[in-house]
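Asker: Keeping their order, the protein sequence lines are chains C and W.
Residue 106 is where the first sequence starts when you use our numbering, and the numbers rise one by one after that.
Residue 106 is where the second sequence starts when you use our numbering, and the numbers rise one by one after that.
In short, the hints are calculated from the structure, not lab data.
These figures come from a predicted structure and were not determined experimentally.
Misleading hints may appear alongside valid ones.
A pair holds if it fits inside one copy or across any two, identical chains being indistinguishable in the list.
Stated by the list, open to error - Restricting the straight-line Cα-Cα distance to at most 16 Å, the calculated cross-link-like pairs of lysine to aspartate or glutamate (EDC-like) are:
| hint | residue 1 | residue 2 |
| --- | --- | --- |
| 1 | K307 | D287 |
| 2 | K494 | E119 |
| 3 | K186 | D424 |
| 4 | K177 | D429 |
| 5 | K457 | E119 |
Listed below, chain by chain, are the residues.
Number of protein chains: 2
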Amino acid sequence: MDIIYSIKLNKEKEEYLYKQLYNEIKKLILDNMLKAEVKLPPIRKLSQALNVNNVTVVNAYKLLEQNGYVYKKVGSGTFVKGLDIKENKKNLTNNSNIINFADASPTPDLFPVEEFKLVLNDVLDRDKGNAFGYQEIQGYSDLRNSIKNYINKYGINTKKDSIQIVSGAQQGIDIISKTLIDYGDIVFTESPTYTGAIAAFKSRSARIIEVPILNDGIDIKTLENKLLNFRPKFIYVMPNFQNPTGYSYSNYKKEKLLELANKYNTLIIEDDYLSELSFTSKKNTTLKTLDRNDKVIYIKSFSKIFMPGLRLGFAIIPDSLSRDVLSAKHTSDISTSGLIQRAFNLYLKKNKWEKHLIEMEAIYKKRYRTMQECIEKYLPNEIKYSEPKGGLNFWFSLPDGYLSEKLYLLCKDKDILFIPGSNFYVKKKYSKYFRLSIASVSNKNIEKGMKMLSEIIEKFLKDPKNKNLTEDYKTLI
Amino acid sequence: MDIIYSIKLNKEKEEYLYKQLYNEIKKLILDNMLKAEVKLPPIRKLSQALNVNNVTVVNAYKLLEQNGYVYKKVGSGTFVKGLDIKENKKNLTNNSNIINFADASPTPDLFPVEEFKLVLNDVLDRDKGNAFGYQEIQGYSDLRNSIKNYINKYGINTKKDSIQIVSGAQQGIDIISKTLIDYGDIVFTESPTYTGAIAAFKSRSARIIEVPILNDGIDIKTLENKLLNFRPKFIYVMPNFQNPTGYSYSNYKKEKLLELANKYNTLIIEDDYLSELSFTSKKNTTLKTLDRNDKVIYIKSFSKIFMPGLRLGFAIIPDSLSRDVLSAKHTSDISTSGLIQRAFNLYLKKNKWEKHLIEMEAIYKKRYRTMQECIEKYLPNEIKYSEPKGGLNFWFSLPDGYLSEKLYLLCKDKDILFIPGSNFYVKKKYSKYFRLSIASVSNKNIEKGMKMLSEIIEKFLKDPKNKNLTEDYKTLI
Chain C
106 MDIIYSIKLN
116 KEKEEYLYKQ
126 LYNEIKKLIL
136 DNMLKAEVKL
146 PPIRKLSQAL
156 NVNNVTVVNA
166 YKLLEQNGYV
176 YKKVGSGTFV
186 KGLDIKENKK
196 NLTNNSNIIN
206 FADASPTPDL
216 FPVEEFKLVL
226 NDVLDRDKGN
236 AFGYQEIQGY
246 SDLRNSIKNY
256 INKYGINTKK
266 DSIQIVSGAQ
276 QGIDIISKTL
286 IDYGDIVFTE
296 SPTYTGAIAA
306 FKSRSARIIE
316 VPILNDGIDI
326 KTLENKLLNF
336 RPKFIYVMPN
346 FQNPTGYSYS
356 NYKKEKLLEL
366 ANKYNTLIIE
376 DDYLSELSFT
386 SKKNTTLKTL
396 DRNDKVIYIK
406 SFSKIFMPGL
416 RLGFAIIPDS
426 LSRDVLSAKH
436 TSDISTSGLI
446 QRAFNLYLKK
456 NKWEKHLIEM
466 EAIYKKRYRT
476 MQECIEKYLP
486 NEIKYSEPKG
496 GLNFWFSLPD
506 GYLSEKLYLL
516 CKDKDILFIP
526 GSNFYVKKKY
536 SKYFRLSIAS
546 VSNKNIEKGM
556 KMLSEIIEKF
566 LKDPKNKNLT
576 EDYKTLI
Chain W
106 MDIIYSIKLN
116 KEKEEYLYKQ
126 LYNEIKKLIL
136 DNMLKAEVKL
146 PPIRKLSQAL
156 NVNNVTVVNA
166 YKLLEQNGYV
176 YKKVGSGTFV
186 KGLDIKENKK
196 NLTNNSNIIN
206 FADASPTPDL
216 FPVEEFKLVL
226 NDVLDRDKGN
236 AFGYQEIQGY
246 SDLRNSIKNY
256 INKYGINTKK
266 DSIQIVSGAQ
276 QGIDIISKTL
286 IDYGDIVFTE
296 SPTYTGAIAA
306 FKSRSARIIE
316 VPILNDGIDI
326 KTLENKLLNF
336 RPKFIYVMPN
346 FQNPTGYSYS
356 NYKKEKLLEL
366 ANKYNTLIIE
376 DDYLSELSFT
386 SKKNTTLKTL
396 DRNDKVIYIK
406 SFSKIFMPGL
416 RLGFAIIPDS
426 LSRDVLSAKH
436 TSDISTSGLI
446 QRAFNLYLKK
456 NKWEKHLIEM
466 EAIYKKRYRT
476 MQECIEKYLP
486 NEIKYSEPKG
496 GLNFWFSLPD
506 GYLSEKLYLL
516 CKDKDILFIP
526 GSNFYVKKKY
536 SKYFRLSIAS
546 VSNKNIEKGM
556 KMLSEIIEKF
566 LKDPKNKNLT
576 EDYKTLI
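The task is simple: from the sequences and hints, build the whole structure.
Answerer: Structure (structure tokens):
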């Protein structure tokens, strides 16, 4: 709590003291210096420390609560609310000097707008009002057929009726959570893992058990150990170019994971958000391809390498769950936009999608190489990472005793953004890891940004104030 | 359970007996003769009654389970799963002879496709890739501004930042449920009420308490009584042209409801799905207009009288909840399609929306009058209803002792569809009520359908087999 006690209020200023205090605490929360669930100091204690009236603190807390930054638990105090990482991003995107390694989605200049406009108009001319009527809850039938054919090329054999169209992968995760998770149920995730999945599981009051991911896939020994003690509803994994680490499972681990799912009779959710984007000749098999016992629920988004704002993806659902998933989809938003489904279907059928993929691969491959070169050229040797060989994310580690959340604040001041590691864990408040993404940074800015970042890191490592902190460290000052 | 025992299997047929049994039970479920949560008979008992081997029943139940029609509760037996009303609809919409009083959404021929195509293209030319990038979670800023101005004309004063864009009203209900309902929390609804809301509340494991709606609004006495005994998270209401009843609240009841919400410190969700569609000179004030204490969460869809497949709507969120709602929206689907938001914004700004409203009002008003005339001309006097004066739904009541679920089956055989009353209650399996909607039936077909329906009802009322049933009646044969 030390950090709050260090706030300085200016009694000479015209602004009310409670407003000043409100603004200072708000800033600490927005800067992630005060994390979710941290308890604010008791009113009396803080007012003494800051040498102000009790009422000043009471009013500041009240305003924080009104504006949704904190919440009260009866009998136990005032706590910081969870913050959305996107929010920081939003406030910053208007500044064009920013080098944004935080954002993992492509930038609008890469979208095939003209081609998509053509298919949109073709669909409107062809289908007229039907494009806007209520759609099948499961999704537009011909799109499901096109998807079936498309993924067949990637070795996934399924039937049209096993495919459920969703409004993006996040909705896929949310709907499957609705279908499978009851209050207090257990789910397993990789650790670290995708923030949006953690949020969806938490919103269903699931108990999340994290299993470490290594650079060849999930830690199988730990996984089996946990399976001996818990009965999860499912194991949520990203077997190819995992987010945030960029790690991919070895074939051995893929087979082993399926074997364990069978042995312990649990389901697997495979979030295949980017397996197409491999920069080596090695093909990245999906788990679903290897799944012989219908244990894998496969989720795929078209957002990541197409257009994030489309909100379109699909899931492959085992027969035994299909009716329940349908009902969860209906409860969530009735159906996905018919116009978008029909237009994307035409886009697939005209083979525009595969052409687009090839173009994106070329662009990203170049960025990926630039990034590799910059890492070798600039980054201090103390920073460790494992080459991802595909995808858009790089996962770095500071030496033990350093925290990326501190580094984040220094970089933000210089208009360089990345995501500190703690965002990808269920409970960790601080971490030595951090994620850089090349999705929305040009080659020129990768070069510029990595050079600046490396200089900041060098200074950061030299400053003794930053040493010997642990991941349990509760304050940053 | 008698109904299952009355199944006849044909031992001469080539088809396996277990498959025959499976198909017969499936049919009963799809026809709503076996409702959600009804327990199937014990295996031994059914096999004796049908004079077949135990294994035949075991295999039939297994197949029903695999295909998602039933589920097992360990130690207590096999139960019928909840069915989606839409599913029946889907199977039937290919048959063009059907007169569909079940569907409450407009048909594609009424959609302003050409005008919307123009704004879509304008947006693509103007915004290019930005129309497809990730959007603000809260919704496209300029659209929120246009909506603010639009609803101001309806007497609702709010700020742009209180508006949350959602992918249709159903998502609005779902997201607010996520925000407010924890396991076991209590919510109040009108009774009967909208099926999709019941489903969303149930999916959060809420305990739903129903308060009867009368033809001038919710039963205030019962409501206050319940408020004395329970602390609901919110009261979910449709104050204008309620679904399914078509009833509207008197101004007295609107004020009274707000007063009670204040007194007992609870929130109200106002689902304003259709208040614009009034066929009298009387203006239908929304609750939100009268809300002086920020107790009302207002949800509005643009689907009902625009294009259902658009999946676009908005909610007005009290400041204290806005950050939590934002986070629930992010967990649900990140954001609503940017292209659709921008196109609809332009549609609003060009005043095309109000023009469209006027056109729709004229079309529906004509249908409404036709319906009124047909009711007077054809419908037996025993059938009671209250004139809605707006909206698209008519709520009828059979005399006591008759069940609409039986009538439904007779009508379905003659290609006339409506929705039996039990669909709109949390627990009721049978009901004397039923809903007819004029949203997707032409004037010609209203005339034809009401004439046929009236003939069926007359016969139905005369048949002594249909008399003296109660709403607790567990079997229909």
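Asker: Please go over all the hints and tell whether each is borne out by the structure.
Answerer: For each hint, the structure was consulted:
no.	hint	verdict
1	K307 / D287	both (11 Å within a copy, 11 Å between copies)
2	K494 / E119	neither (57 Å within a copy, 58 Å between copies)
3	K186 / D424	between (39 Å within a copy, 15 Å between copies)
4	K177 / D429	between (36 Å within a copy, 14 Å between copies)
5	K457 / E119	neither (61 Å within a copy, 49 Å between copies)
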